[in-house]
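Chemist: Going down the list, the protein sequences come from chains V and Y.
Each residue of the first sequence is one higher than the one before, starting from 61 at the first, in our numbering.
Each residue of the second sequence is one higher than the one before, starting from 421 at the first, in our numbering.
Among the hints, erroneous ones may be present.
[To be verified] Under 8 angstroms between C-beta atoms, here's a sample of chain Y residues computed to sit facing chain V: (1) Ala470; (2) Gln474; (3) Met499; (4) Phe501; (5) His509; (6) Phe518; (7) Gly519; (8) Ile570; (9) Asn571; (10) Glu738.
The set of hints was computed from the structure by calculation and includes no laboratory data.
Just so it is clear, CB atoms sit at the ideal spot from N, CA and C, and this is done for glycine as well.
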Amino acid sequence: MSVAATSAFSGRLRMPGFWTVITILAVLLLAVFLLLPIVNVLAISFFDASTGDFGISNYVQVLTRRFYTLALWNTIVIGLMGMLGACLIGIPLAFCTSRYRIRGRAVIATFAVLVLCAPPFIGAYAWIMLFGSNGAVTNILSAIGLPAPTIYGIPGIVMVFSLKFFPYIYLMTENALNTINKSYEDAAENLGCTAFQRFYKVTLPLIFPAVSTGAIICFVLSIADFGTPAILGRGVRTLATIAYAQYTSEMGGTPTMAVTVSMLMIAISMIALVLQRHILSKRRYASALTNRPVKKSMSPLKSILVHGFCYLVVFIAMLPAFTVVYTSFLETSGPVFTGNFGLGSYERILRDSPQAIYNSFLFALAAVALIAVVSGLLSFIVVRKDNVVSGSLDLVLMVPYLIPGVVMAIGYVATFRHPPFDITGTALIIILLVFIRRLPYGVRSTTSILRQIKPSIEEAAVNLGASPAKTFMSITVPLMMPGLIIGSLMSFITAINELSSTLILYTSRTITMPVLIYVQVIDGEFGTAAALSTLLLASTGLCVFIVFRFSDRKEAAFV
Amino acid sequence: MSAVEISSIRKSYGATVALSDINISIPSGSFFTLLGPSGCGKTTLLRTIAGFHQQDSGSIAIAGHKIENVPAHKRDVGMVFQDYAVFPHISVADNIAFGLKQRKVSRSEIQKRVADILDIVQLKPYAQRMPHELSGGQQQRVGLARALVINPQVLLMDEPLSNLDAKLRVDLRRELRAIQQSMNITTVYVTHDQEEALAMSDFVCVMYGGVIQQAAAPWEVYNSPANRFVASFVGANNFMALSVEGAQPAIAGTSVALPQLAGLPTGQPIVAAVRPEFISVNAAALSDDLIRLPVKIRQVSFTGREMAVAAVLASGEEIEAITKPTPDIIALHPNDDATFAFAAGSVQLFEDGVTGARLF
Numbered sequence: 061m062s063v064a065a066t067s068a069f070s071g072r073l074r075m076p077g078f079w080t081v082i083t084i085l086a087v088l089l090l091a092v093f094l095l096l097p098i099v100n101v102l103a104i105s106f107f108d109a110s111t112g113d114f115g116i117s118n119y120v121q122v123l124t125r126r127f128y129t130l131a132l133w134n135t136i137v138i139g140l141m142g143m144l145g146a147c148l149i150g151i152p153l154a155f156c157t158s159r160y161r162i163r164g165r166a167v168i169a170t171f172a173v174l175v176l177c178a179p180p181f182i183g184a185y186a187w188i189m190l191f192g193s194n195g196a197v198t199n200i201l202s203a204i205g206l207p208a209p210t211i212y213g214i215p216g217i218v219m220v221f222s223l224k225f226f227p228y229i230y231l232m233t234e235n236a237l238n239t240i241n242k243s244y245e246d247a248a249e250n251l252g253c254t255a256f257q258r259f260y261k262v263t264l265p266l267i268f269p270a271v272s273t274g275a276i277i278c279f280v281l282s283i284a285d286f287g288t289p290a291i292l293g294r295g296v297r298t299l300a301t302i303a304y305a306q307y308t309s310e311m312g313g314t315p316t317m318a319v320t321v322s323m324l325m326i327a328i329s330m331i332a333l334v335l336q337r338h339i340l341s342k343r344r345y346a347s348a349l350t351n352r353p354v355k356k357s358m359s360p361l362k363s364i365l366v367h368g369f370c371y372l373v374v375f376i377a378m379l380p381a382f383t384v385v386y387t388s389f390l391e392t393s394g395p396v397f398t399g400n401f402g403l404g405s406y407e408r409i410l411r412d413s414p415q416a417i418y419n420s421f422l423f424a425l426a427a428v429a430l431i432a433v434v435s436g437l438l439s440f441i442v443v444r445k446d447n448v449v450s451g452s453l454d455l456v457l458m459v460p461y462l463i464p465g466v467v468m469a470i471g472y473v474a475t476f477r478h479p480p481f482d483i484t485g486t487a488l489i490i491i492l493l494v495f496i497r498r499l500p501y502g503v504r505s506t507t508s509i510l511r512q513i514k515p516s517i518e519e520a521a522v523n524l525g526a527s528p529a530k531t532f533m534s535i536t537v538p539l540m541m542p543g544l545i546i547g548s549l550m551s552f553i554t555a556i557n558e559l560s561s562t563l564i565l566y567t568s569r570t571i572t573m574p575v576l577i578y579v580q581v582i583d584g585e586f587g588t589a590a591a592l593s594t595l596l597l598a599s600t601g602l603c604v605f606i607v608f609r610f611s612d613r614k615e616a617a618f619v
Numbered sequence: 421m422s423a424v425e426i427s428s429i430r431k432s433y434g435a436t437v438a439l440s441d442i443n444i445s446i447p448s449g450s451f452f453t454l455l456g457p458s459g460c461g462k463t464t465l466l467r468t469i470a471g472f473h474q475q476d477s478g479s480i481a482i483a484g485h486k487i488e489n490v491p492a493h494k495r496d497v498g499m500v501f502q503d504y505a506v507f508p509h510i511s512v513a514d515n516i517a518f519g520l521k522q523r524k525v526s527r528s529e530i531q532k533r534v535a536d537i538l539d540i541v542q543l544k545p546y547a548q549r550m551p552h553e554l555s556g557g558q559q560q561r562v563g564l565a566r567a568l569v570i571n572p573q574v575l576l577m578d579e580p581l582s583n584l585d586a587k588l589r590v591d592l593r594r595e596l597r598a599i600q601q602s603m604n605i606t607t608v609y610v611t612h613d614q615e616e617a618l619a620m621s622d623f624v625c626v627m628y629g630g631v632i633q634q635a636a637a638p639w640e641v642y643n644s645p646a647n648r649f650v651a652s653f654v655g656a657n658n659f660m661a662l663s664v665e666g667a668q669p670a671i672a673g674t675s676v677a678l679p680q681l682a683g684l685p686t687g688q689p690i691v692a693a694v695r696p697e698f699i700s701v702n703a704a705a706l707s708d709d710l711i712r713l714p715v716k717i718r719q720v721s722f723t724g725r726e727m728a729v730a731a732v733l734a735s736g737e738e739i740e741a742i743t744k745p746t747p748d749i750i751a752l753h754p755n756d757d758a759t760f761a762f763a764a765g766s767v768q769l770f771e772d773g774v775t776g777a778r779l780f
């Protein structure tokens, strides 16, 4: 063939490929809607609150003034105690259900998942209804002359966090215990270990990676949680409540101190995460699951004790949910329960706040639709492409887990308030924020299913003449569908329960159910709050049910 | 004109050279096999032809048209995958029609061509089945039909039989070759199974370390290996150090007369190679030009058609003979003394080293 023809053929311009375009769009999307707001928040914290000078004066203030240091101390104590409490409940429960034959293990796992998915602050106010100054249990106890334990302050917050976050520890530990090769424990026994030594010296170290991952999640969520200390705190301030209070009181001005406090929260979360990664990096266990652990049957007495423990734990953890559902069917007169049953609260929420219900579903569905599309494309880049972007995507997608909702919301307001991109006060800003905050759930789900699809299937389609875009649509997406559905449901659950960020962004037109519940709880309107919470619980429960039907990993899909 | 012309293709991953200056010319209608151990670059080369890897430099032409910069989905080469890669969510017929739909072939034409190819791969009754209802062998027939139905310029096959069990592999091997010959389609086939390569191919191209070691007809590759690597990878072989110090060359301390040595440069290590089937065990001394080496028997294994007799030379080097089973040989025990004999003419000489050049 002639030289001229050759150069004409190979020298032609090539259009950038489909995936190059998508990768560039993904980088832009994450840069603008995830990293830019965070950078803006970070920048705010370096300009002095009163003088506007650049420097670290805000941080000096936060780390020296007693108002802040006390809150810092409270936050760390609550975070550590909440984590410890969750471990003390979660690990024994996991041990019982994985090593003994428990009747109704599915019920226990389902309850644990429901606790995990329930709106975050339901626990706090349900406990107030039971053990608060005028709570049902408090009144019963005082009627028979017994002092009721106080639910307010640090002990109450720690108890709520322990009961709220233990499912992370429980589900992760149980999964780890179920996948330990039994031969290790047999070998320890054969070498002369007692049952306790065997657990302490062999089993516990082997499940440490799973336990510590669950514990770190509990810690990060405990220090970031805003609703529980706000409702139960009674003068005990944490960094999260200060950040919110400072932000709302500085409305219109620059929320400098709120942001500085938030940065401190992120720093604590990151230190905890790095510490855990560092410890884990020295513990990598390779193991083949050739000898599955067996579940032992128990003597009648032991069986009663173990069953009693398991059911008591999940019953107490579910108590807030039961209370909320029960309360929603009580008639109220203003903030007072009349003692009769009825659907008055439901009539009222349908009459007074259809907007919040409509908004909640609309925002969550819109965010989930975005998550489904973007996570499908992102996971393809993460799994199939081998470049700088795909390598760093994994890391960047960790960020939303670490950044509290309050911080992201402040960052969004600071970033998107300049015309022509002023979207503050719109539904769009809430949808975008919820989308970016819950995107990792979707990506994690689609990534894990895409790793199971052989690349050769896509190569076959390309080889037969389908363009990369066509291949993705006609081959990859149908095969990814189960993962997409599960990921969407999981993000829907977290999206519809979102409070900490929407609380800062909402207006009367964009109010959502969790925000309305929070406002009503603060106002003492427990009846309608319970009805709205029941609605949230029901939608969440429905999603959990569908995930259980679709996913072969069942409850493990939730952690 | 050659159907496929590969010129100066290079490909590296960081410091690792996957393909180093590959030049191949494949005649139209031939069955061309890339053979080598894992990591030799054979699959990389095949995937570069398919367009799944971008070469660092060099060119690939199919039927005279350069395609090295054409996107994979426009190359018009059919590919059959090791793991079948049959689309699991659509039926057998839809799998086969997939490429035709991309080519905007009319509906009636698609029906006719799918039916024809289903006939050829003997899957007619399975047209409406879903892939998970088929066995591995049947799925690979779908993979083959799907690649053939688009009438590609070249058919690429990446170890298509290696996921199948041994008996099926041999059956499907024959069938594949028959279909290839009847359709007269130029085929590039990748395998690490040297027996498969020898049995199916018009040409075998042995690769190692990203470099082509030898490309020739199966007979030639087996009988005149270009270097020590080819001699050891294709078929079984015995390698023995040849000492050329002093007047008389020797193997394991036994002097040998090797006319081949005449004229070879001295002073470098030389390795002598003899195929096991050329060695006779305890043969009567009928002729003088047989080289006879005393050995100690290690293991005697009977495989039905033949005997494999493993032994050690005085130097500690291992040597194996494959012979017809006779009562004398079956009666041998480990640690028995024996004599291995072979004709001087059956000895090939190589330079030392994995890819040591053929000296004679």
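Chemist: Work down the list of hints and note, for each, if the structure agrees.
Modeler: Here is what the structure says about each hint:
Given the 8 angstroms rule on beta carbons, the hint for Ala470 (chain Y) holds: about 6 angstroms separates it from the nearest Cβ of chain V. Taking 8 angstroms as the C-beta cut-off, the interface hint given for Gln474 (chain Y) is violated, the closest approach to chain V being about 11 angstroms. A cut of 8 angstroms between beta carbons decides the hint on Met499 (chain Y): the least distance to chain V is about 4 angstroms, and the hint holds. For Phe501 (chain Y), the interface hint holds, the least distance from its beta-carbon to any beta-carbon of chain V being 4 angstroms, beneath 8 angstroms.
Evaluation of the His509 (chain Y) hint against chain V yields a held restraint, the C-beta minimum of about 5 angstroms falling below 8 angstroms. Restraint check, Phe518 (chain Y) versus chain V: the minimum CB separation of about 5 angstroms is within 8 angstroms; hint holds. Hint status for Gly519 (chain Y) relative to chain V: holds, with the closest Cβ pair at about 3 angstroms, below 8 angstroms. With a least beta-carbon distance of about 7 angstroms to chain V, the hint placing Ile570 (chain Y) at the interface is held under the 8 angstroms criterion.
Taken as an interface hint, Asn571 (chain Y) does not check out: its beta carbon lies about 12 angstroms from the nearest beta carbon of chain V, beyond 8 angstroms. With its C-beta approaching chain V no nearer than about 34 angstroms, Glu738 (chain Y) sits outside the 8 angstroms limit, and its interface hint is violated.
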